[in-house]
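Engineer: Okay, here's what each chain looks like letter by letter:
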Amino acid sequence: MPKLSAILTLTTSLILGVVGVWVAYNVDMLPVSASMNAPVYDELYRVLFIIGVILFIGMTALVIYSLINFRRRPGETGDGIDLEGNISLEIFWTAVPAIVVLFVGLYSYDIYDRMGGMQPLMHDHSGQMDNHSERVWGGIGSGPIESSSNKNSSSLPIELTAMQFAFIFHYPKGDIITGELHVPVGREVSLKMESKDVIHAFWVPQFRLKQDVIPGQPTILNFTPTKAGNFPIVCAELCGPYHGGMRSNVIVDEQEDFDTWLKENSKESIVSS
Amino acid sequence: MTISLKPSNSSPEKLQPTGWLKYLSFSLDHKVIGLQYLVCGFFFYLIGGSLAGAIRVELISPLSDFMPREVYNQVLTLHGTIMIFLWIVPVVNGAFGNYLIPFYVGARDMAFPRLNAVAFWLIPPSGLMLISSYFINGAAQSGWTAYPPLSITTPAAGQIIWILSVLLLGGSSIFGGINFIATILKLRRPGLKLMQLPMYCWAMLGTSILVVLSTPVLAGTLILLSFDIVAHTGFFNPSLGGNVIVYQHLFWFYSHPAVYIMVLPAFGLVSEILPIHSRKPLFGYTTMVFSIMGIVVLGLIVWAHHMFTSGTPPWMRLFFTIATAFIAVPTGIKFFNWVATLWGGKISLNAAMLFSCGFIINFVLGGITGVALAQVPFDVHVHDTYFVVAHFHYIVYGGSVFVIFSSIYHWFPKFTGKMLNENLGRFHFIITFIGFNLCFAPQHWLGLNGMPRRVAEYDPQFQLINQISSVGALLMALSTLPFLWNIIQSIFFGEEAGDNPWNALTPEWLTSSPPPVENWDGEAPLVLEPYGYGKKDSNETQEAIR
Numbered sequence: 001m002p003k004l005s006a007i008l009t010l011t012t013s014l015i016l017g018v019v020g021v022w023v024a025y026n027v028d029m030l031p032v033s034a035s036m037n038a039p040v041y042d043e044l045y046r047v048l049f050i051i052g053v054i055l056f057i058g059m060t061a062l063v064i065y066s067l068i069n070f071r072r073r074p075g076e077t078g079d080g081i082d083l084e085g086n087i088s089l090e091i092f093w094t095a096v097p098a099i100v101v102l103f104v105g106l107y108s109y110d111i112y113d114r115m116g117g118m119q120p121l122m123h124d125h126s127g128q129m130d131n132h133s134e135r136v137w138g139g140i141g142s143g144p145i146e147s148s149s150n151k152n153s154s155s156l157p158i159e160l161t162a163m164q165f166a167f168i169f170h171y172p173k174g175d176i177i178t179g180e181l182h183v184p185v186g187r188e189v190s191l192k193m194e195s196k197d198v199i200h201a202f203w204v205p206q207f208r209l210k211q212d213v214i215p216g217q218p219t220i221l222n223f224t225p226t227k228a229g230n231f232p233i234v235c236a237e238l239c240g241p242y243h244g245g246m247r248s249n250v251i252v253d254e255q256e257d258f259d260t261w262l263k264e265n266s267k268e269s270i271v272s273s
Numbered sequence: 001m002t003i004s005l006k007p008s009n010s011s012p013e014k015l016q017p018t019g020w021l022k023y024l025s026f027s028l029d030h031k032v033i034g035l036q037y038l039v040c041g042f043f044f045y046l047i048g049g050s051l052a053g054a055i056r057v058e059l060i061s062p063l064s065d066f067m068p069r070e071v072y073n074q075v076l077t078l079h080g081t082i083m084i085f086l087w088i089v090p091v092v093n094g095a096f097g098n099y100l101i102p103f104y105v106g107a108r109d110m111a112f113p114r115l116n117a118v119a120f121w122l123i124p125p126s127g128l129m130l131i132s133s134y135f136i137n138g139a140a141q142s143g144w145t146a147y148p149p150l151s152i153t154t155p156a157a158g159q160i161i162w163i164l165s166v167l168l169l170g171g172s173s174i175f176g177g178i179n180f181i182a183t184i185l186k187l188r189r190p191g192l193k194l195m196q197l198p199m200y201c202w203a204m205l206g207t208s209i210l211v212v213l214s215t216p217v218l219a220g221t222l223i224l225l226s227f228d229i230v231a232h233t234g235f236f237n238p239s240l241g242g243n244v245i246v247y248q249h250l251f252w253f254y255s256h257p258a259v260y261i262m263v264l265p266a267f268g269l270v271s272e273i274l275p276i277h278s279r280k281p282l283f284g285y286t287t288m289v290f291s292i293m294g295i296v297v298l299g300l301i302v303w304a305h306h307m308f309t310s311g312t313p314p315w316m317r318l319f320f321t322i323a324t325a326f327i328a329v330p331t332g333i334k335f336f337n338w339v340a341t342l343w344g345g346k347i348s349l350n351a352a353m354l355f356s357c358g359f360i361i362n363f364v365l366g367g368i369t370g371v372a373l374a375q376v377p378f379d380v381h382v383h384d385t386y387f388v389v390a391h392f393h394y395i396v397y398g399g400s401v402f403v404i405f406s407s408i409y410h411w412f413p414k415f416t417g418k419m420l421n422e423n424l425g426r427f428h429f430i431i432t433f434i435g436f437n438l439c440f441a442p443q444h445w446l447g448l449n450g451m452p453r454r455v456a457e458y459d460p461q462f463q464l465i466n467q468i469s470s471v472g473a474l475l476m477a478l479s480t481l482p483f484l485w486n487i488i489q490s491i492f493f494g495e496e497a498g499d500n501p502w503n504a505l506t507p508e509w510l511t512s513s514p515p516p517v518e519n520w521d522g523e524a525p526l527v528l529e530p531y532g533y534g535k536k537d538s539n540e541t542q543e544a545i546r
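Chains as they are written, first to last, in the numbering used here: chain D, 1 to 273; chain R, 1 to 546.
Derived from the structure by calculation, the hints contain no laboratory data.
Every clue listed holds true.
Chain R is faced by these chain D residues, among others (derived, beta-carbon under 7 Å):
(1) L55
(2) M59
(3) V63
(4) G80
(5) E90
(6) W93
(7) T94
(8) V101
(9) G105
(10) M115
(11) D212
(12) P215
(13) G216
(14) V234
(15) A236
(16) E237
Mimicking DMTMM-like on lysine to aspartate or glutamate, the simulated pairs with C-alpha atoms at most 25 Å apart in a straight line are:
(17) R:K346 to D:D82
(18) D:K267 to D:E188
(19) R:K193 to R:D521
(20) D:K227 to D:E264
(21) D:K227 to D:E256
(22) R:K346 to R:E422
(23) R:K535 to D:E90
(24) D:K267 to D:E256
(25) R:K535 to D:D82
(26) R:K535 to D:E84
(27) D:K227 to R:D459
(28) D:K196 to R:D228
(29) R:K193 to D:E84
(30) D:K227 to D:E188
(31) D:K267 to D:E254
(32) D:K227 to D:E254
(33) R:K193 to D:D82
(34) R:K186 to R:E529
(35) D:K263 to D:D175
(36) D:K196 to R:E70
(37) D:K267 to D:D175
(38) D:K267 to D:D257
(39) D:K173 to D:E159
(40) D:K173 to D:D259
Yeah, the Cβ is synthetic: ideal placement off N, Cα and C, and Gly gets one too.
Assemble the whole structure, with the sequences as input and the hints as a guide.
Structural biologist: Here you go:
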């Protein structure tokens, strides 16, 4: 009997695992991924989804099975079995979630690091680091925008000013002011963001990135678009009556198209023509 | 104060009004106060629910066309504030806590009956004040989080009334918390040890510790915020050199524990309901106690996970990720223990049981999305989106509100001496469960795909899913009708319940229904095994009860 139940438990958990993986790879709930961060994000999302599906289906099945199998039949009297606890079982279901949570935590730390989230911590001894990823992902930054982009000379600095209820982008190179963000494919963009009034948030769902734009404390957000196209910029922090209407677009162009756009719109070219 | 084991002759209750009028009086009876909390909370639930309905109507179309944008923000602010501070917190703590805790510890009343009455009577005026602010100059419109500088720049009258009423409600909550701690620790019947108390006592002890430690921080923060608004100080106003991030830290230092203040008592109530209706002892009492206390400790050190996009430094993001994810461990223990409580029982599929099991299923989903949201890289995409809205409604509605309904079905016979109609109750459960999941499950998709929360207008590609969600909300609204009908017709024409219709062993059932003013006519019973189902000697006890 115990052998049979062991085999039964094992097969059920195997089936559950397969179902979890299948669901996570076949139910796609995310928008297009269009930045260097997005595929990394989607990887984490998939792992969390697999674990979530297994847990949810497993627990729901246990509850429903118990309700059906152990229901009180008509005319039945008396109590259930006298079972007050089982130390080894309880240790088991303390240890397994602890291990899963620890795994998820370490894994998401790795993801976070790959997204460039840990960079500011490593500034002090960056000399010893190989500098293949000099990305600062985001956070509260101080000083002029050059200080964050100096490390990576190829990054494109753009200043974002948020106000009720618009995003205004300023390109130091060419002195362009625009309400729509134009960026080239494959080049790191370094946004320095400041708010004129209340807290806003800069969010591009296809980039899987969001950073609050805070009055009095400039924030930085770095990202590298990987797909040409037109994606929404959404304000994600309640900022007043027209919060829902505070939207813009990011237009990701091929490098040549972007250069043309930059040339046509820069102050010098407008003045000279 | 005369709280003895024997009924006292000079009881202050003798001076109180009797009949239904006592529910409108400054009664000192913990049972009256408990029911005052419950009915008052349900009244505000109907108001908060109507506001939710207005939000779902606005979101049927992608344009802001149902109400003015300012009013929309007032509605969502009032909805959040009412549901948290006037419905869930007062009911899972105040209503069931006041009614049950004195029974569970074997006392005739709470430790401080007058403080108890004061705590309740702070609620109706501050609730009405909050709602009336809409008619004065417009209610607060900066969300229930009231982040500055938005809360400083929106019309001041509504925001100040909001602060005032949240301060009063917080005060009520602190009074209640002190009272519960004193009652559980100091009023226990001689011979009753802490580890023999029903689980709800432990849940209320843990919750009250959280209330007493964290609510004063919210009060202090809101007082500073009100200075910024009326006296133009610069604590949180960046144009005067203030720091808006500091407000967020202080606010969430209360408002994350607030989630546990809403959920831990619900855990306790479920731990009372499941053993009785499955006729089995509560599985793993000791681990349940330790997991509650583990949640209390961890719950105090996770607040900054609400601020992952605020520009918090990386080390802080990491610390709060790990701490938050680890709450899943003690919470997981509780869920496995509940399922083990069902296992091998003789389960009555009544409304109380169904709502409790609905709670388990909903909360597991909310817990899974919670662990996901704790991961910084995951959170930066879905923070402040409908994914978060779905997550916390799975926790507070799918969790706490399902438990409130379960508890009403379970304890109504004790409150009134009448049974509720079980078939109507099961119907209520089915409509609520379908409506709830139809309303909130699709919102996960909305958030992942780019719909932020707190918006009156949205990208037209989200219209269909929003309409499905609104249909779910309509079902939830309709599900209130069979419930209300059931309550009203049962009060007047319900089947007589007898003293102990569920054959339960916990002390509140070992007296008449409804109980006498001082809970027991004779000496309080000494219940050392509140979950002793399936035992030979406890069967004898039950025979004795019958």
